[in-house]
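Trainee: Here the protein sequences come in this chain order: H and B. Here the first sequence stands for residues 931 to 1183, numbered as in my numbering. Here the second sequence stands for residues 6 to 232, numbered as in my numbering.
Just so you know, the hints here were simulated from the structure itself, not pulled from any lab data. Treat the hints with care, since some could be wrong.
If you only want the chain B side, here are some residues facing chain H, beta carbon under 10 Å, derived [claimed, not checked]:
| # | residue |
| --- | --- |
| 1 | GLU15 |
| 2 | ARG79 |
| 3 | PRO81 |
| 4 | THR118 |
| 5 | PRO121 |
| 6 | TYR178 |
| 7 | GLU200 |
| 8 | LYS220 |
| 9 | HIS224 |
List time: in silico PhoX-like cross-link candidates among lysine-lysine, alpha-carbon distance up to 20 Å [stated by the list, open to error]:
| # | chain 1 | residue 1 | chain 2 | residue 2 |
| --- | --- | --- | --- | --- |
| 10 | H | LYS1117 | H | LYS1041 |
| 11 | B | LYS184 | H | LYS1164 |
| 12 | B | LYS94 | B | LYS184 |
| 13 | B | LYS184 | B | LYS123 |
| 14 | H | LYS1164 | B | LYS220 |
| 15 | B | LYS34 | H | LYS1171 |
| 16 | B | LYS197 | B | LYS123 |
| 17 | B | LYS34 | B | LYS197 |
| 18 | B | LYS57 | B | LYS34 |
| 19 | B | LYS123 | B | LYS218 |
| 20 | B | LYS220 | H | LYS1172 |
| 21 | H | LYS1172 | B | LYS184 |
| 22 | B | LYS94 | H | LYS1171 |
We put the CB at the ideal spot given by N, CA and C, even for glycine.
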Amino acid sequence: MANKLEVANLKAWFGGSQALHDINLVLPERAVTAIIGPSGCGKSTFIRCLNRMHEVVAGTRVAGQVLLDGQDIYGPGVDPVQIRGRIGMVFQRPNPFPTMSIFDNVAAGLKLNGIRPSRDELHAIVEQSLRQAALWDEVKNSLHASGVSISGGQQQRLCIARTLAVAPEVVLMDEPCSALDPIATTKIEALIHELRERYTIVIVTHSMQQAARVSDFTAFMYLGRLVEFGVTQKLFTAPEKKETEDYITGRFG
Amino acid sequence: MTVHTDRQYEEELVDLRQRILTMGGLVEKQIANAVQALVTRDRTLAEATIGKDHEVNALDVAIDDLCLRLLALRQPAGRDLRFITTALKITTDLERIGDRAVSISERAIELGTEPPLKPYIDIPRMAEISLTMLRQSLDAFVREDAELALAVCRSDDEVDTLNGQIFRELLSYMIEDPKAITRAMRVLFVSKYLERIADHATNIGEMVVFMAKGKSIRHLDTIPPEV
């Protein structure tokens, strides 16, 4: 399995407080890596550093390297917008553009990235993205309805379709199911399972069961540091570090 | 050991550990009584031992229920997962040991109706070693002590050797006097039961190593010196 992303000595700050301390981690290609850890451990900050989203907040700073296929995304002359096209992100709460139709929501990413396909091509991309997000059958007859007229679970899959439309290589998901009910969660998890054939996926989740269900690898973070990274089954049955064991068994102080 | 944030969960795990110990203690007593009934030709004790087996079975069912409930409702991970799955497997071995106490008692009753073949010397020794193995395997379980568990696994050879010795001795009795065959066969069965008990204790020892260290040592040709 090739490495898609290599993180070396990654540090991040919010003003004077350091949120990440020397993270070193390799994310294998076409696999799902889950990031777990208690609130405030830096998991969201970590994945936001992976597509240069951390720096968009005023007063923040990043140091270290994040190599995408060997190229440092923090290197000189690298365009963060282009990086965000290759490394897409799905957020905690479904956030379709409320004034746009389902169709336009999916097409929006293309326009923002300056991609101007022909009408037929655009239709093909929208359909393909909705199919990949396992939403097509549910919305194909209402593509021009508002993006917020569908259920929360459907909205989240719409956001995934919007992310996939720009053909990213890596998909980052920041607690994508925390606002969804168990059935919608199951659908997103099944979708993650299918998407891993094509994409490298990094998912931040508060649910350890979810991490165990969907991921191939799991990273446990605590207080801004990476405590343990390993094959998911191993990490959830016999982890190496005591802190990991305490956390996954619910013995955290 | 760090305590669970969820106190009820912690109490359920303590309860599970306690029940395994109760079952282990009961099974140990059952074997000791069965062997005593055999050696002292005590039919009453043999029958009482057989009559008590249902208590072992009831504990087996209750522990299984508790394990299933913990798995379903707590979705355990890490050491809790290893502890609960180990408990689930240990009860099966303990229940089988309980059945061996019944078998030994049955042979004791049968042998008690016939004149003694010979004084029992190796059988009580074998029983003592097997019971020590059982006790230590359960101590290792409670203390999560992989070293002690490995020591239990190593003792198994001693019991196997004694079993072979008893077999050869009884064989010579049978060759000498065909009228002794029925009795000799019954004693031989008892020897085999005790040998099986040591095997069950070894199974428990192997599972405890997995529980404590997260590494399986089962079905290896040789027992590793350490884990």
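Trainee: Hints first: check each against the structure and report whether it holds.
Mentor: Evaluation of the provided hints:
A least Cβ separation of about 9 Å between GLU15(B) and chain H falls short of the 10 Å threshold, and the interface hint therefore holds. With 10 Å as the threshold, the beta carbon of ARG79(B) comes within range of chain H, its nearest partner Cβ sitting at about 8 Å, so the hint holds. Taken as an interface hint, PRO81(B) checks out: its beta carbon lies about 7 Å from the nearest beta carbon of chain H, inside 10 Å. With a least beta-carbon distance of about 53 Å to chain H, the hint placing THR118(B) at the interface is violated under the 10 Å criterion.
Contact between PRO121(B) and chain H, as hinted, is not supported at the beta carbon level, the nearest pair being about 52 Å apart and thus beyond 10 Å. The beta carbon of TYR178(B) comes no nearer than 50 Å to any beta carbon in chain H, farther than 10 Å, and the hint placing it at the interface is violated. The restraint placing GLU200(B) at the interface with chain H is violated, with a minimum CB-CB distance near 32 Å, outside the 10 Å limit. Annotation: LYS220(B) was flagged as interfacial toward chain H, and the flag holds, the nearest CB pair being 7 Å apart, inside 10 Å.
About 18 Å separates the beta-carbon of HIS224(B) from the nearest beta-carbon of chain H, more than 10 Å, and the hint is not met. Taking the CA atoms of LYS1117(H) and LYS1041(H), the gap is near 28 Å; set against the 20 Å cutoff, the hint is violated. A C-alpha spacing of about 60 Å is found between LYS184(B) and LYS1164(H), which places the hinted pair above 20 Å, so the restraint is violated. Between LYS94(B) and LYS184(B), the direct Cα distance comes to roughly 42 Å. Violation of the 20 Å bound is thereby established for this hinted pair.
Of the supplied pair hints, the one linking LYS184(B) and LYS123(B) holds, its CA atoms being roughly 14 Å apart against a limit of 20 Å. Taking the CA atoms of LYS1164(H) and LYS220(B), the gap is about 10 Å. The hint holds against a cut of 20 Å. Of the supplied pair hints, the one linking LYS34(B) and LYS1171(H) is violated, its CA atoms being roughly 40 Å apart against a limit of 20 Å. For the given pair, LYS197(B) sits about 18 Å from LYS123(B) by alpha-carbon distance, which is consistent with the 20 Å threshold.
Of the pairs offered as hints, the one joining LYS34(B) and LYS197(B) holds, with about 19 Å between alpha carbons and a cut-off of 20 Å not exceeded. The straight-line distance between the Cα atoms of LYS57(B) and LYS34(B) is roughly 10 Å, inside the 20 Å bound, and the hint therefore holds. Our distance criterion of 20 Å between C-alpha atoms is broken by LYS123(B) and LYS218(B), whose separation comes to about 46 Å. Pair hint LYS220(B) plus LYS1172(H) holds up; C-alpha atoms about 16 Å apart against a cutoff of 20 Å.
The hinted pair formed by LYS1172(H) and LYS184(B) fails the criterion: a straight-line CA distance of about 64 Å is larger than 20 Å. Taking the CA atoms of LYS94(B) and LYS1171(H), the gap is near 26 Å; set against the 20 Å cutoff, the hint is violated.
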